[in-house]
Amino acid sequence: MKNSIQHILLLVGLIVLVSCSNKTQTSMMRNVTGKAGELVIVVSPDVWDGAPGAALRDVLAQPQHGLPQDEPMFNTINIPIEAYVDIFKTSRNIVEVNVKPSIEKASINFKRNVHAYTQALVTINAPNQEDLEELIRSKSEKIVGFFLTAERERLSKNYAKYLNKGIYNTVEKHFGLKLNVPPGFNVAEEKENFMWLRFESPEISQGILIYTYPYESDSTFTKDFQVIKRNVVLKNNVPGPREGSFMTTESELALFFSTFKKDGNYASELRGLWKAENDYMGGPFVSLSLLDLLHNRVVTLDAYVYAPGTNKRNLMRQVEAMIYSAEFTDQSDMNKINKQYEE
1 MKNSIQHILL LVGLIVLVSC SNKTQTSMMR NVTGKAGELV IVVSPDVWDG
51 APGAALRDVL AQPQHGLPQD EPMFNTINIP IEAYVDIFKT SRNIVEVNVK
101 PSIEKASINF KRNVHAYTQA LVTINAPNQE DLEELIRSKS EKIVGFFLTA
151 ERERLSKNYA KYLNKGIYNT VEKHFGLKLN VPPGFNVAEE KENFMWLRFE
201 SPEISQGILI YTYPYESDST FTKDFQVIKR NVVLKNNVPG PREGSFMTTE
251 SELALFFSTF KKDGNYASEL RGLWKAENDY MGGPFVSLSL LDLLHNRVVT
301 LDAYVYAPGT NKRNLMRQVE AMIYSAEFTD QSDMNKINKQ YEE
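Okay, so the sequence shown: first residue is 1 according to the working numbering, each after it adds one.
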């Protein structure tokens with residue numbers, strides 16, 4: 001028994017030591033370099049000029065969904081392998097491509113914090129260009145998702161570190177929701193089941209709308225229902241600059257809708273463009289709806305940007321990171337309910 005206890009204590013000590021070592025190693029790393037949305041692609045000129053290079057551009061520089069004008073998902077920077085020196089190795093997002101006959105099978109690896117803290121790095125290896133192109137296109141969603149998640153998490157970490165404590169406390173008290181919003185935002189409107197957070201400058205406007213309503217059926221998490229509910233809430237709570245004007249969803253252009261799990265809770269995302277009815281304002285939005293089975297309600301966080309004449313991709317990613325930081329204060333109790341519901 002004594003030996004067993006000593007063995008357990010030794011094992012626990014080793015786990016703590018490794019954990020502390022990993023944290024120390026991460027904290028000592030250099031920070032990533034480059035601008036938000038930049039992505040470095042390290043590849044030989046013949047591959048970049050060939051079909052695999054075209055595939056990489058199709059995947060990584062494709063237009064970002066839900067913006068009023070074309071902006072690439074990432075601003076790609078091509079670096080030849082021989083020019084890949086230390087100054088580029090701390091870039092925030094990197095794709096390293098290797099094509100050699102000695103490589104037996106095409107493969108792809110996703111790594112974090114390789115040369116810098118919060119870095120996202122994808123390594124793609126292939127024996128020839130044909131296999132390389134096939135791998136890039138077959139894993140396109142995973143590649144894009146990996147880098148988009150990394151961009152969002154960098155923002156979320158900054159917002160958690162430098163959050164607006166007043167808004168954090170207000171949102172938590174009002175909705176039972178933790179939300180990381182940076183300084184500069186203010187509570188523009190607060191009602192029983194609705195709150196409007198805004199950041200205003202002469203050039204741009206960013207906002208987050210939070211509203212709740214009872215959960216009645218699975219049809220709640222469909223695109224049609226979400227659009228109808230959104231339009232009703234906006235008409236009643238978000239007036240435009242002119243009398244009789246109000247925010248609504250632009251229905252003439254494509255809306256992107258998906259369902260998934262967030263922190264164990266059923267969720268949906270609606271992405272597209274908003275407009276001001278009876279006015280000329282408009283811009284992009286992304287709406288995140290979360291099922292709160294514990295309180296039989298749906299909580300929606302709707303983020304938008306108004307920035308005429310300005311690129312909006314990074315502005316949208318900022319408010320998107322804020323709403324995706326949302327976490328229920330009683331999530332541990334909700335996990336039990338979610339498990340029972342699934343069973």
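Some hints could be false.
[As the list claims (entries may be wrong)] The calculated lysine-lysine pairs, modelled on DSBU-like cross-linking and capped at a C-alpha distance of 30 Å, are: (1) 161 with 111; (2) 178 with 139; (3) 191 with 89; (4) 223 with 339; (5) 235 with 139.
The hints are simulated quantities; they were obtained by calculation from the structure and are not laboratory data.
Tested hints:
no., hint, in the structure
1, 161 with 111, "holds (24 Å)"
2, 178 with 139, "violated (34 Å)"
3, 191 with 89, "violated (49 Å)"
4, 223 with 339, "holds (25 Å)"
5, 235 with 139, "violated (41 Å)"
Of the numbered hints stated above, those contradicted by the structure are hints 2, 3, 5, listed in ascending order.
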